[in-house]
Amino acid sequence: MAERSFAREVEDLRLGDGDTFRGEGILAITKALLQSGVAYVGGYQGSPISHLMDVLADAKDVLDDLGVVFQSSANEAAAAAMLSASVMYPLRGAVAWKSTVGTNVASDALANLASGGVTGGTMIIVGEDYGEGSSIMQERTHAFAMKSQMWLLDPRPDHECIVKLIEKGFELSEVSNTPVMLEVRVRACHMHGSFACKDNVKPAHTIKDALNNPRRDVGRIVLPPAAYEHEQEKIRTRMPAAISFIRDNKLNEWMGPKQAKVGIIMQGGMYNNVIRALQYLGLSDAYGNTQVPLYVMNVTYPVIDTEVAEFCVGKDAILMVEEGQPEYLEQAINTVLRRKDINARVHGKDVLPMGGDYTAQVLLDGVREFLEKTDPRLLGNRPPAPDARPLLGHPAIEKLKQVVPARPPGLCTGCPERPIFAAMKLVEEELGQHHVSADIGCHLFSILPPFNIGATTMGFGLGPASTSAFNVKADKRSIAVMGDGGFWHNGLTSGIGNAVFNKHDGVFVIVDNYYTSATGGQDILSSRAINKRRNTNNSIVQAVKGIGGQWVRQIDRTYDVGKMRDTLKEALTTKEEGPKVIVASSECMLNKQRRVKPQMNKAIKDGVRIVKERFGVDEDVCTGDHACIRLSGCPSLSVKQLDDPLRDDPVAAIDNSCVGCGNCGEVAEAAVLCPSFYRADVIHNPTGWDKFKSKVAMAVIGWLQRRRDRRRPALEALA
Amino acid sequence: MRDETVRLALPAAGDATERPVSIAIVAMGGQGGGVLTDWIVQLAENHGWVAQSTSVPGVAQRTGATIYYIEAMPPLDGRKPILSLMPTPGDVDVVMAAEFMEAGRSILRGLVTPDRTTLIASNHRSFAIGEKIAPGNGIADKGAVTGAIGVAAKTEIIFDMNALAIANGSVISAAMFGALAGAGVLPFSRESYLDVVRAGEKGAKASLRTFEAALDRVQSKSPEPATPPPPKATDKAADNAPAPAAVDPRLAGLVARLTRELPESALAMARAGLKKVVDFQDIAYGAEYLDILGKLHAADRSSSGAAGNFAFTQAAAKYLANAMTYDDVIRVADLKTRSARRTRIEGELELSQDQVLQTTEFMHPRMEEVMGMLPAGLGRWLGGKPRLLGWLDRRVNKGRRVRTYSLPWFLALYVVGGLRGMRRRSLRHAIETAHRDEWLRAATQAVGTNYQLGIEILQCHRLIKGYSDTHSRGLSKFDRTLAAIKLIERREDAADWARRLREAALKDSAGKELDGVIQTIKTFA
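One line per chain: the protein sequences are A and B, in this order.
With the UniProt record's numbering, the residue at position 248 of the first sequence is 248, and numbering never jumps.
With the UniProt record's numbering, the residue at position 504 of the second sequence is 504, and numbering never jumps.
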C-alpha cells in the first residue's frame, strides 16, 4: 500500500478527446503512455518516478479495460529485461525508474536490448535526479544513451510537449528499431500543468497475441556473429532512419528571428529557464517571443548535423546550454561545425558552470557574458535584472548565516528504525565504534545527527556487499545495514548469499518495515498486507536460511531496544562462524498511521473500547541534558524553555504529534537515562470495570495526595 | 575601442518587463506545503490564469527543509506564458514560510528582497536536530531572523500561524492561505479564496474557520491574542503583596529574613531559590539555604560586590538552590505522586469525563540509587563490600514499568517520596554536601581576588545534571572544569577561560570540546 492514494488521479487517466488534463507531470506522462497504445508497463519506484508507479498500481480497472499489463519490477534490471517483449513482437512497452542509479542497475539489459534492436516501440522513462534536492550522485543519463545507442528525448518542461514527444517517441523507436529514452528532470516530474487529451488507445497487438504466436530470429540475439552485424546495423540503418524521422517530424524546435549574429542551442529541459534569463535581459517577453534565435533540442541524442549546421551558418557565435558534465553536446556541435567548416564560434562551458543546476540566475549570468563577448549591442537597453547578492552582504543577513540551523532529513515520528539505531548507539558505547556499511533507504538517515552511524553507501541493496572486503579475523566485526527493499532488489544474492559463500564473519542487519518506504511505501515480497494482485508475506528469514544463513535472529518488534541491543551485542561477540543476520521488523509508521488512524477514530466513534497511547515528559524531573534526544531525534521529541529563573537549559518536551511508539521510554530504560518519560494511556469508551477500578484507585490516591499536600509548607508567599 | 552599448536603443519585443506572479513556499516535509500549493494553483486557474507549480519531494520530505514554487499569469491572445521551475533570487513576489527559521533560510537564499517581496511567515519554532541535541541550550536566536526580515522584506506579515491553526482545529496551511488572502498581493477576491477552500474534501469546515481567522488577523492587524506576559520573578519581588493568611509562620519568618539580609538585586532569585529548596525538603532546609547564602553574600560584600550590583550573590542564590535540590529517587517519587502532576497531564491530554487515564513510568533504578538513600554509615559500609553490592545490584538493576496510578505502585512511590525525613542522614546527602562545600569554597576564594571568576565558578554548577550515567558524566565535566580553572586562577583572564571551559563542556555530551580547551590551557598554565 503506497503512502499516497491516487484514486482521484486515476480518474484523469480516463479523460479523452476534448478534455483538458490538469495535474502533475508524472501523471501526464502516464496518460501519454495510454494514449500511445502501450501493451505493457513496468519499472521500479524511486523519486521522481514513484508517483507513476503508484498511479498505475491504483489504476487496475483502467489498465484492464485497455488490456495493458502492468508490473512492479523486482529492480531496474528486471524492468529493462521486460522490454525484450518488444524485440520479436510489435508490442509497445514502457518502463520507468530513477536515473542515473536505476539506469546503472539496468544497463546490462539495456545494452543487450539496444544491440539486437526492437520491433515494437519501447520507451524508457528516466526521472533525471540531478541538481538541487537530488538524493543521488550527480551524473547524467546522456552517456548511457550514447554508449548503447538509444535515442534520448529531453522535452521542454511543458505537458503538451512531453506528451507529444512520448507519442512521437514510440513511432521513432519503431522506424529505427531502437529503444528510446525519455529524460524528465525532478521538477518537471512534479510540475503542475495542463494539456489537451486524446482518447486512450488499446494496444493493436497484445501480450496474449504474442504468447499464442511465438516468434524467434537468431539474428536479433546478441551472439557473434550477429552482435557484429548489430553494430553495423546501428550505424548504417538505425541511426539514419532516426535522423530522418526526427527531422521530418520537427521534434526539435526553432524559435525567434531567422537572421541574427548569434543564437542559442539548448537541451529541451533548459528552455523555460533560458526564456526567463532572456526576459531579464529584455530579449524576450513572458510568452517566449524571443529576439535571439533558439534551437531547442527536444532530442539530445542523436544530434541532427544538418539542423545544427543550418542554425549556425551565417552566425558569428552560438551558445550551447547543456546542464552537467562532460559537455557531450558542445563537443558534438564543435565536431559538426569543423567538419562542415562553418565558422560560428561555440560558447558553452566557458561562460556557464561545468556542473550544477542551470537556474534562471545562472543562465542570466551566462547568457549576459556570452552576449557581452559576441553581440553587446543586444544588451543595449538592459533593464535592471534581479540580483539579491548585494542584499546578502548586509550585516543583519550575514549574521543570519550563523543562526539558521541545518535541517537534515531524518526518520519520521514513531519510525521503527529509530530504536534499531538507538540500540546500535548503545552497543557503540559499550563495545566501541565499528565499521558500518550503510545502504539506500530511510535507514540511511542514520548517518546524520543524532546517530552519526555509517561509513559508506555503495548502491541500493549493496550495503552488505560493501563489507565483503572486511572478511578477516580481527577484534571487531563489520556491520552492514540494508532495508527490506534493498534485500529484494538484489541484496539477498549480492549481500547475504555472497557472505554465506565466502564465510564472512560480519553482522548483517536487515531493516524490515514491510514496504519500500523511502520511495513512498510500495509493497514488496515480504510486505505483510494482503495484496490481491501480488504475492506478499514471503519471509525474509526463510529466504536467508534458504540461501544458507545459519545464525539468523528475527526481532519482530524493533521498539524493544533492550532486546535489539542484546542481539547486536551477541552478533558482534559470538564465537559462531559465518554471517550473523539480524532481521529487525516493525511496520513503517507513516504507512501504519495511514492504515490505523481512520480505523481507530471510527472505533472510538462507534463506542468501542480503545486505548490511545502518547508519551510525555515530567518537566520538573527533566534536567535538560538532552541525552534522550541524542539517542532518538524523533520529530515529536523536542525542547522547550521553562519559565523558571533557576533553569538555564531548556527541558525535553513531547508535542501532540507523538504516536506513542514507545521508543522514548524504551531508550530511557535501556540506556538508564532518566525517569522523566511517562506513557499516558487514555482509555476511550472505558468499560464499567475500567471505570470502577480507576475510581477506587483514584479515591485512595486522592486521599493520600491531599494528606501530603496539607503537610507541605504553603509556598504561595514565595510564588 | 569605443563603447557604444549604452546609446543603442532596443525596441521591446513585447511586455518584456511583465513577469508572472511568483510565490515560494518554504516549509519542512509534512507541513502541508503541497496542499497550500494546490490551493494557490487552483485559485489562479479559477481566474483563467495559467499556473505552474513545482516541488522536490524526495528525501527532503522526511523532516528536511523543502521548497514549493508557483508561477502564474494570464494567457495572452491564447498564448501560454513560459514559466520557470524554480525561484530566482531577487525575483519572488511572495515568500510563505511555515516556520520561523525557514523564513530566515529563505532570506539567506536571496528569495526575499526589499524591492518586491511580501514575506508571510509563521513565527513559531520547530527546532532542528542540531538545536535539540546540545547538552545545554542550543536554541537558535529568533532575534536574528526578525532583524533580517526588517532589512530584506518589502512587506511582512508575521504571526504564529501554527497556534492560530491549532486553535481553530486545522493545520498551518489553512492559516497561511488566509494570510495570503489578507496580504492582498494577488488580485483575487476573498470569495474566490473561500471557493477554493470549500472545494477541499476533508476538514473543509475547520480549514474555513482557520482561513477566516487568519484573514481577519491580517486585515484588522489585531494584536496577538492577549496572552499575559510570562511571570518574571523580578515582577514579583517588586510587589510586596501581603502573604496569604495560611502561610506557615516559620516560612514567613524566612521570607522576612531573606528580605532583610539580602540585597535588592538578589531578592527575586533568592525567593525562587528558597521556594525550590523548601519544596525539595522542608523549612529547616530553607533556613540552611539562607545561612549559606548569607555567608556567600558576606564574601560578596567584602569583595566590593556592591559596585557590581552583587552579581555574585545573585548567581549564588540561583546555583546554590540548584545544588541543594539534587535529583534523587525521593524527589522523583515525590514529584510523580503529586496531585498537581496528574492535573497537568489531564490538561495536556484534554481528558474528558468519560475517559480513563493511566500513566506508565520507565524507571531503571540501580544499586547506586538505593545506596544513596541509605544512612551514610550503612551506605559506606555496603560500598566496601563489592561482592555483596554486585549481588544486590543484579536484583535491583533492571528496567521497571511503573504504573503510577495503580494502587500498589502508587503506594510504593508514595512511601519513597515520604522518605524525605531520612534524606539529610543519607549517603547521597553527605556526598552532595561535601561536593557543594568544596565548590563554594573555591568560588568564595576566587571572588576575593577575581570577582568575575567567582561568579564563573558558581555558574559551573550548570554542568551537573541528569541521572545515572548522565549525572556521572556531568559531574566529571564539572570536576575537570574546576580543576582546569585551578590551573589558571591567577591569570587576569581567568574568568574568560572559565567561561570558555563551561561553554565547551555544554557543547557535546562526551566532553571532547572541553578536553580541547583544557589541552590549550595546559600549554600555557
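These are calculated hints, taken from the structure and not from any lab test.
Just so we're clear, the structure is a prediction, and the values are computed from it rather than from any experiment.
Heads up, a few of these hints could be off.
Claimed, not checked - Cut-off 30 Å, straight-line C-alpha distance, at most; resulting in silico cross-link-like pairs (DSBU-like, lysine-lysine):
| id | chain 1 | residue 1 | chain 2 | residue 2 |
| --- | --- | --- | --- | --- |
| 1 | A | K569 | B | K512 |
| 2 | A | K399 | B | K142 |
| 3 | B | K80 | A | K640 |
| 4 | A | K597 | B | K507 |
| 5 | B | K385 | B | K398 |
| 6 | A | K198 | B | K385 |
| 7 | B | K398 | A | K693 |
| 8 | A | K503 | A | K532 |
| 9 | A | K532 | A | K602 |
| 10 | B | K512 | A | K401 |
| 11 | B | K142 | A | K401 |
| 12 | A | K147 | A | K250 |
| 13 | A | K640 | B | K512 |
| 14 | A | K592 | B | K205 |
| 15 | B | K385 | A | K401 |
| 16 | A | K532 | A | K592 |
| 17 | B | K398 | A | K569 |
Check whether the Cα positions of K592 of chain A and K205 of chain B lie no farther apart than 30 Å.
holds (27 Å)
Would the hint linking K398 of chain B and K693 of chain A be met if the CA-CA limit is 30 Å?
holds (28 Å)
Run the distance test for K532 of chain A versus K602 of chain A: straight-line Cα separation, threshold 30 Å.
Satisfied, since the Cα-Cα distance of roughly 25 Å is no more than 30 Å.
Has the given pair, K385 of chain B with K398 of chain B, been kept, meaning a C-alpha gap of at most 30 Å?
holds (21 Å)
Would you mind confirming whether the straight-line C-alpha gap from K385 of chain B to K401 of chain A stays at or under 30 Å?
violated (57 Å)
Going straight from one Cα to the other, do K198 of chain A and K385 of chain B come out at no more than 30 Å?
Violated, because 87 Å separates the two Cα atoms, which is more than 30 Å.
Would the pair K147 of chain A and K250 of chain A pass a check requiring their Cα atoms to be no farther apart than 30 Å?
holds (25 Å)
Does K512 of chain B sit within 30 Å of K569 of chain A, going by the straight-line distance between their CA atoms?
Holds, at roughly 26 Å.
Hint check: K640 of chain A vs K512 of chain B, CA-CA at most 30 Å. Holds or violated?
holds (26 Å)
Does the alpha-carbon distance linking K532 of chain A and K592 of chain A stay inside the 30 Å limit?
Roughly 19 Å between the alpha carbons, so the hint for K532 of chain A and K592 of chain A holds.
Quick one, are K398 of chain B and K569 of chain A close enough, alpha carbons at most 30 Å?
holds (18 Å)
Are the Cα atoms of K399 of chain A and K142 of chain B separated by 30 Å or less?
Given that 30 Å is the threshold and the Cα spacing comes to 12 Å, the pair holds.
Checked against the numbered hints above, the structure breaks hints 3, 4, 6, 8 and 15 and satisfies the rest.
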